[in-house]
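Asks: Sequence:
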Amino acid sequence: MPQITGHCRCRKVTFSTPGPVLWSGICHCESCRRATASPCTAFFGVPRDSVTWAGDPKVSTSSEGRVQRLFCPDCGTQLTYHADRWPGESHLYTANLTDPERVKPAAHFHWAERLAWLKIDDDLPKYASTADGTAPL
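Residue numbers for the sequence shown follow the numbering used here, so the first one is 6 and each next one is one higher.
Think of the hints as simulated: they come from the structure by calculation, not from any bench. Ideal Cβ placement from N, Cα and C applies to all residues, glycine included. Treat the hints loosely; a few may be bogus.
[Unchecked claim] FRET-style restraints, in silico, Cβ to Cβ:
hint, residue 1, residue 2, range
1, G93, T66, 13 to 23 Å
2, A117, P7, 12 to 22 Å
3, T10, P78, 17 to 27 Å
4, S65, G93, 15 to 25 Å
5, R16, R53, 14 to 24 Å
6, R16, K109, 16 to 26 Å
7, G24, A121, 29 to 39 Å
8, P78, S43, 15 to 25 Å
Work out the full structure, taking the sequences as your base and the hints as a guide.
Replies: Okay, here's the thing in structure tokens:
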């Protein structure tokens, strides 16, 4: 598989990974909505040690130190989500990919938190949270 690459808006921070893509989806949780200023966000997981960074992303810590979000210090673009729940994974935002069509979402997560006015009509599995990944709604 060719490298998966991406960057922030100003291109001062870039990343690449050979993968593999462990999962992909669209998150509807309030935390992701606020972090990205969007009604939902597409992202995917790869092994954390597979991601190579160029530039110097900064870290924002939340959830009592259990979550770290990396972002570009110049343009503010959110780049990745790291959580103690998934210590070996980096969750990268699909919209930051050089080719966002490369990683297609396979499910909706935190469907129970979705915004009612956002109408989504697809056949992807819908999970109430990320903890119940085996029980689609």
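Asks: A range of 15 to 25 Å was offered for this pair. Does it hold for the Cβ distance of S65 and G93?
Replies: holds (21 Å)
Asks: Starting from the hint 14 to 24 Å, judge whether the C-beta atoms of R16 and R53 obey it.
Replies: Distance hint for R16, R53 holds at roughly 23 Å.
Asks: Holds or violated: 17 to 27 Å for the Cβ distance of T10 and P78?
Replies: At roughly 20 Å between Cβ atoms, P78 and T10 fall inside 17 to 27 Å, so the hint holds.
Asks: Taking the Cβ atom of G24 and the Cβ atom of A121, is their distance within the range 29 to 39 Å?
Replies: holds (35 Å)
Asks: Please test the hint of 16 to 26 Å on the beta carbon pair from R16 and K109.
Replies: holds (24 Å)
Asks: Quick one: are A117 and P7 within 12 to 22 Å, going by C-beta?
Replies: violated (36 Å)
Asks: Should the hint that P78 and S43 are 15 to 25 Å apart at their CB atoms be regarded as holding?
Replies: holds (21 Å)
Asks: Taking the CB of G93 and the CB of T66, does the distance hold inside 13 to 23 Å?
Replies: holds (19 Å)
Against the hints set out earlier in the document, a violation occurs for number 2 only.
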